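S.K.: Protein chains in written order, with the working numbering: chain H, 1 to 289; chain Y, 1001 to 1412.
Just to be clear, a hint being listed does not mean it is correct.
Derived DSS-like pairs (lysine-lysine); straight-line CA-CA distance at most 30 Å [claimed, not checked]:
(1) Y/Lys1090 - Y/Lys1168
(2) Y/Lys1090 - H/Lys275
(3) Y/Lys1013 - H/Lys117
(4) Y/Lys1168 - Y/Lys1013
(5) H/Lys155 - H/Lys197
(6) Y/Lys1288 - H/Lys138
(7) H/Lys155 - H/Lys65
(8) H/Lys138 - H/Lys269
(9) H/Lys135 - H/Lys275
Since the hints were made in silico from the structure, they are not lab data. Everything numeric in this text was worked out from a predicted model, so none of it was measured.
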Amino acid sequence: MAGIAGLVTALKPLLSLERGDISLSDLLQKHYQELSAEEMSRILRKLEKQSNEDYGVASNINDTKAREGVQFAYALSLSKCVGCRRCAHACLAENNQSRESEDDIEMSYIRVLELDKGSINVEESDQYYDGEVPKKDKYYMPVQCHQCQDSPCTKACPVEATWMEPDGVVVVDYNWCIGCRYCMAACPYDARRFNWKKPSLPPESVNPNQNYLSNRIRPQGVVEKCTFCLHRTREGKYPACLEVCPTGARVFGNLLDPDSEINYILKNKRVYILKEDAGTTPKFYYFFD
Amino acid sequence: MSHIRQYFQFLVKIWCLSWEGSWRFYLWMGFLSLISLIGVHAWAEQLVEGLQTTGMTNQVSWGAYIANFTFLVGVAAAAVMLVIPAYVYKIESMHEVVLFGELMAIAVITMCLLFVTVDLGRPDRFLHLMPPFGRMNWPISMLSWDVIVLNGYLILNLHICGYLLYMKYLGRTPSKKFYIPFVFVAIFWAISIHTVTAFLYVGLAGRPFWNHPIVAPRFLASAFAAGPALLILTFQIIRRVTGFWIGNEPLQLLRRITTIALLISLFLLGCELFVEFYSGTYHSVSAKYLWFGLHGHDRLVPWIWTALGLNVFALCVLISPGANRLWLLDAACIALIVGIWIEKGMGLIVPGFIPTPLGQIVEYQPSWNETFICLGIWAFGILMYSWMLHVAIPIMNGELKAGPNEAIPENP
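Take these sequences, add in the hints, and give me the full structure.
M.R.: Shown next, in the form of structure tokens:
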């Protein structure tokens, strides 16, 4: 008897799990790739309702599919980047990550490194630099998901909750991820973030234009990452980080289009691949002007 | 039908026996239950609040749970250090005690599974790992391999122990074909659980500290030192507390195994340190952080040097005639277990994340809630092992057996 009473007392915190935090239909939801169109639309409406209740913002959640004949790739000019971190902030404004304050960019998908001129050694880099940029003797390297062709994160995932879409973007089904964080250990670019708690973001910071596989507000306990803003790029827009860049250091485009700017850069510029020795074949390139 | 009834009677007797014991037994089990419940409470807290209740961060995304898990997989695998002498070399004195090792493997694997479960952000979605409902990424993900081999090892040991104890209870000679093949499969399986667990880390090219072929051999060597050391201590507790007498021969054999395994483990450690520090490439930053600290961050330095000191102390005792004295042998075993626990837990998992692949240094310290969950799982594992011994020893001693009217003749 004492044992049962003890167990009940021990489990008491579970009572504060709000109703609907974990529902039976959530537990029985199928993997993204197995959902029919009707099931998906029912789930999207439910997610919209839930996010309205939780965050007080009416959002519009879609499931935009990849276009045919598209392989997205990104290039960034190390000669032009000045380290202003506007991309990291724009990422946060676009993708509904959790934050403690307005300038808390820990959950941003972009980390901007400050490096000493004279070498490209990220292990000696500084992410906490402040003051006026660019500094003399320094240069800057924003790092985000490299959407690797041979992605170690998707290999690591024990439940196929993360995979590469037909347009080359590595995505996460936030409703399938079990939160083991093995993909985070596997990533050579520190590109993944974990929701250590239910995301906190004020209503005025919520971006209501959302997608199931990208920027919808994530549940607690799952991994998230950069999706090249697929909710924008699949509709022909540029990623938020590119739009905000004041120096034009960022180039985004379709690898399969021979006339695209990204192909011009890959063919004509001096291109550097970060951690090429890890063998992951990124689709994110650095170049020099 | 009567077989089922008979088995049911067996379970009922075990259930009744579980509640029979001296006040000391009740005090012990009550104490362990209390610590386990504190752990359950902390886990409930974590389920509601999320893993923010731990000391983990985006930078150090695995901590005490996975560290304990890694250490314990080794302890579970080390049961083969009893099984091999008993079944391959047919050493009689080991045959009498081999079951204690296998029972320990059951308790320890259960702890491993619990440590993985509490590490999950969404344990409610565990069905996603199970083939008919979920989508297990097998054979690509090493974690899917680990889930398979750990559960397989648990089932193998449950079958072997359950079958042998039930036959003993019935007073029948166990039929070799029902357990010997499983025993030999379990030998290879034990090696595989620890190898696969090592491959979890070794397979990650983005983490040079782990991406090292020597990690798996080091895992096995340190496991085969720490596991038998734990058994040496356990056997002495069993013979002191219960009515089951264990002679000194198994202890001495285990001591030899521990000594050799520890020698190999330290040699492999030396090989690793040579590669890390002689060539001194940028890939050795994590090792630098672990052993000497990096840019003023040195939280793990005292731990790893303590671990090395404990292991060297244990080795000095074990190879000297001093270890013939039991108290000195015990001291060496305790030092060794603690040393390996630090080296393989915190000393292997945490530096893999420091610095991050982008050079960021964020140190890790487990939170109180996280620590309570760890203690709770340890207490639960010890509780489970104590209970298994409490019911298994009377069966092995012949005190608990089927009554004459219950037993079905061997060849009806």
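S.K.: Taken at face value, is the distance from the CA of H/Lys65 to the CA of H/Lys155 at most 30 Å?
M.R.: Distance ~23 Å between H/Lys155 and H/Lys65 Cα, so the pair holds.
S.K.: Tell me if the straight-line CA distance from Y/Lys1288 to H/Lys138 falls inside 30 Å.
M.R.: Holds - the C-alpha atoms of H/Lys138 and Y/Lys1288 are around 26 Å apart, at most 30 Å.
S.K.: Tell me if the straight-line CA distance from H/Lys138 to H/Lys269 falls inside 30 Å.
M.R.: Status holds; Cα separation ~22 Å.
S.K.: Sort out whether Y/Lys1013 lies within 30 Å of Y/Lys1168, counting only the CA atoms.
M.R.: Holds, at about 14 Å.
S.K.: For a C-alpha distance cap of 30 Å, please report whether Y/Lys1090 and H/Lys275 respect it.
M.R.: Since the Cα atoms of Y/Lys1090 and H/Lys275 sit roughly 53 Å apart, the hinted pair is violated (cutoff 30 Å).
S.K.: Verify the proposed pairing of H/Lys155 with H/Lys197, using a straight-line Cα cut of 30 Å.
M.R.: Roughly 26 Å between the alpha carbons, so the hint for H/Lys155 and H/Lys197 holds.
S.K.: Given the hint that H/Lys135 pairs with H/Lys275, does the C-alpha gap stay at or below 30 Å?
M.R.: It holds: about 25 Å lies between the C-alpha atoms, which stays within 30 Å.
S.K.: Assess, step by step, whether the Cα of Y/Lys1090 is no farther than 30 Å from the Cα of Y/Lys1168, and give holds or violated.
M.R.: Measuring from Cα to Cα gives roughly 19 Å; hence the hint holds.
S.K.: For a C-alpha distance cap of 30 Å, please report whether Y/Lys1013 and H/Lys117 respect it.
M.R.: 76 Å, violated
Comparing the model with each numbered hint stated earlier shows that hints 2, 3 do not hold.
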